[in-house]
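Asker: Residues per chain, in single letters:
There are 2 protein chains.
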Amino acid sequence: MLHNLLRNEDIILASQSPRRAFLLKQLGLKFRQISANIKEVENGMPSDDFVKYYSMKKADKVFKNNLNSFVIGADTIILIDNKIIGKPKNYNEAKEFLRTISSNCHIVLTGISICFKETTISKIEKTKVYFNQISEQDIEEYILTNEPMDKAGAYGIQGFGSQFIKRIEGCFFNVMGFPIPLFYKMVKELFMRKE
Amino acid sequence: MLHNLLRNEDIILASQSPRRAFLLKQLGLKFRQISANIKEVENGMPSDDFVKYYSMKKADKVFKNNLNSFVIGADTIILIDNKIIGKPKNYNEAKEFLRTISSNCHIVLTGISICFKETTISKIEKTKVYFNQISEQDIEEYILTNEPMDKAGAYGIQGFGSQFIKRIEGCFFNVMGFPIPLFYKMVKELFMRKE
Numbered sequence: 001m002l003h004n005l006l007r008n009e010d011i012i013l014a015s016q017s018p019r020r021a022f023l024l025k026q027l028g029l030k031f032r033q034i035s036a037n038i039k040e041v042e043n044g045m046p047s048d049d050f051v052k053y054y055s056m057k058k059a060d061k062v063f064k065n066n067l068n069s070f071v072i073g074a075d076t077i078i079l080i081d082n083k084i085i086g087k088p089k090n091y092n093e094a095k096e097f098l099r100t101i102s103s104n105c106h107i108v109l110t111g112i113s114i115c116f117k118e119t120t121i122s123k124i125e126k127t128k129v130y131f132n133q134i135s136e137q138d139i140e141e142y143i144l145t146n147e148p149m150d151k152a153g154a155y156g157i158q159g160f161g162s163q164f165i166k167r168i169e170g171c172f173f174n175v176m177g178f179p180i181p182l183f184y185k186m187v188k189e190l191f192m193r194k195e
Numbered sequence: 196m197l198h199n200l201l202r203n204e205d206i207i208l209a210s211q212s213p214r215r216a217f218l219l220k221q222l223g224l225k226f227r228q229i230s231a232n233i234k235e236v237e238n239g240m241p242s243d244d245f246v247k248y249y250s251m252k253k254a255d256k257v258f259k260n261n262l263n264s265f266v267i268g269a270d271t272i273i274l275i276d277n278k279i280i281g282k283p284k285n286y287n288e289a290k291e292f293l294r295t296i297s298s299n300c301h302i303v304l305t306g307i308s309i310c311f312k313e314t315t316i317s318k319i320e321k322t323k324v325y326f327n328q329i330s331e332q333d334i335e336e337y338i339l340t341n342e343p344m345d346k347a348g349a350y351g352i353q354g355f356g357s358q359f360i361k362r363i364e365g366c367f368f369n370v371m372g373f374p375i376p377l378f379y380k381m382v383k384e385l386f387m388r389k390e
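Sequences listed follow chains A and B, in order. Everything in the first sequence is counted per our numbering, starting at 1 for the first residue and increasing by one. Everything in the second sequence is counted per our numbering, starting at 196 for the first residue and increasing by one.
Hints in this document: simulated from the structure, not taken from any laboratory. On a predicted model such as this, the values are computed, not experimentally measured, just so you know. The reader is advised that the hints may include incorrect statements.
[Stated by the list, open to error] Chain A regions said to be covered by chain B (calculated; three or more residues, Cβ under 8 Å):
#1 2-10
#2 138-151
#3 157-167
#4 175-181
Beta carbons are placed, not taken as given, at the ideal position from N, Cα and C, and that holds for glycine.
Just chain A, same shape as in the assembly (with noise of 0.2 Å):
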């Protein structure tokens, strides 16, 4: 299991996500959060190499000046119609965005990248989220909680968002911010290949 795989690594997880914090500290890992600060741009990618080339920046940045780490990089985007949804800039795209995620079919992709030793290793995971619909009246009342206006996608998963989620195909843990099982993987993978 990977806190006894890990258990002699300093780990570092590339990332300021409170969420990602949380589900690594279940797993009993210990480990240091440094923000990679890189700006994305969308560069016209296929949306699984994106999140791969910015998993592995991310994971980069921070391995350069931790050689002797464990390096943890991740990148989520929310997809419709292979369009990213980000987050939303006021009140107006965030009702915009809600219209389009109701009664539809959305998918989660991130990108993981892990830096030790001599070795960059990036994997994707894809989750599907249906949302049942959200009326005009529940759109409105949503925008006044303010949960919508940090989120991409415009919601929240864990909050008042929960109501609308309909059901979801693929990793569960992926949808709440960091797919635990590929990460797990990925370590064996890593693990065996220097043994």
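Starting from the known structure of chain A, fit chain B onto it as the hints suggest.
Answerer: Chain B alone, transformed into the frame defined by chain A:
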């Protein structure tokens, strides 16, 4: 949304579960928790009826002493091949359960009942949970964390057990302990019926 629909009700959750309370709190609901203290006995009922029956029994028992309240009962079981998997009695049974869920799919089945004024309504939610293979070494290491011992199915979805969970199909929140979107649907139905 729920916090608006229920703002004038005296809500009671007829369950001591901290995970259910956590999920309801995130919805901005104010409520009390009163345990119904009902012992469940396998009685040959089909599993759908079983969880409905016990969620209703829990809600009913608390409602009888709080006739002006809005009482929520819930009952969750884990099923493999239509057989209920409860909490393991000892380390050996925990290992046996983990070998059974390894590389397998099981169902998290929840019954929710609401008692409010002259109405009781009950519904169920089913979510499929697929596990990766759990190696014998992982089973040994997982048992040593003690996490499996007080959990139905011998695993906790949030904790060390998260490493093994390949994917889910269905309600995200059901797996966390309380199917919020189903509850929202029930409340909307109940209030439309009342008006």
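Asker: Now tell me, hint by hint, if it's right for this structure.
Answerer: We went through each hint and held it up to the structure:
1. Given a C-beta distance limit of less than 8 Å, the hint that chain B covers the region 2-10 of chain A holds, as 3 residues qualify and 3 suffice.
2. For the region 138-151 of chain A, the stated coverage by chain B holds: 4 residues have a C-beta nearer than 8 Å to a C-beta of that chain, and at least 3 were required.
3. Chain B is given as covering the region 157-167 of chain A, and this holds because 10 residues of the stretch bring a CB closer than 8 Å to a CB of that chain, at least three being needed.
4. Beta-carbon proximity to chain B at under 8 Å applies to 3 residues in the region 175-181 of chain A; the threshold of 3 is reached and the given coverage holds.
Checked against the numbered hints above, the structure violates none of them.
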